[in-house]
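*Asks:* Sequence:
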Amino acid sequence: GAGKSTLSRGCVEILGKDRLVDICLDDYHSLDRMGRAERKITALHPDCNHLDLMAQHIRLLRNGERIFKPVYDHSDGTFAKPEFVSPRPIVLIHGPHGLYTPELRRHWDVSVYLDPHPTLRVAWKIKRDVGKRGYTRDQVLKQLEDRRMDSEAYVVPQREKADIVISFCPPE
1 GAGKSTLSRG
11 CVEILGKDRL
21 VDICLDDYHS
31 LDRMGRAERK
41 ITALHPDCNH
51 LDLMAQHIRL
61 LRNGERIFKP
71 VYDHSDGTFA
81 KPEFVSPRPI
91 VLIHGPHGLY
101 TPELRRHWDV
111 SVYLDPHPTL
121 RVAWKIKRDV
131 GKRGYTRDQV
141 LKQLEDRRMD
151 SEAYVVPQRE
161 KADIVISFCP
171 PE
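Residue numbering for the sequence shown follows this note's numbering, starting at 1 and increasing by one per position.
If you are wondering where the hints come from, they were derived from the structure by calculation, not from laboratory data.
Check each hint, because a few of them may be wrong.
[What the hints assert, rightly or not] Label pairs and their in silico Cβ distance ranges: (1) Glu65 with Val122: 35 to 45 Å; (2) Thr78 with Lys40: 17 to 27 Å; (3) Lys81 with Pro171: 19 to 29 Å.
Owing to the predicted nature of the structure, the values given are computational and were not obtained by experimental measurement.
We put the beta carbon where it would ideally sit given N, CA and C, even for glycine.
Input sequences plus hints: build the corresponding full structure.
*Replies:* In structure tokens, the structure reads:
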């Protein structure tokens, strides 16, 4: 709910699909929605993500090599068929763990951390997850509470590692 995908879509539109590879790091979850629920782990916990595979794929794309990338389907919380991705002049990567490890950080030319005001983040997440992912408002609020500790422990500290921090504030 920070605006990562929205900002990425805008970058793709401005820079052009033919010049850019757009990769969402959610595709690198190690467990689907049901698996996370069974194990009582959130998608924000590093153990629920293939961080090494992320780094390997980013390294390969930087070296001009094609990758065979996993695909996570947010509409139902399962994995779809993996896809081949060919390198392009610009590689745009977005997701919650892009700055988590030194290995990942070393691959970025520029890193950006989106830091919306908490009221905006909650409103944006509710709007997206209810409208596009089939959740109810109460489910989204519960999910936010369930993820709070992992967000504070693993995602928020990445703010300090970013080259640029973009903050969003609610209108007055």
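*Asks:* Each of the hints needs a verdict: does it hold here or not?
*Replies:* Quick rundown of the hints versus the structure:
1. Glu65 with Val122: 35 to 45 Å: Holds - the Cβ-Cβ distance for Glu65 and Val122, about 40 Å, lies within 35 to 45 Å.
2. Thr78 with Lys40: 17 to 27 Å: holds, 19 Å
3. Lys81 with Pro171: 19 to 29 Å: violated, 42 Å
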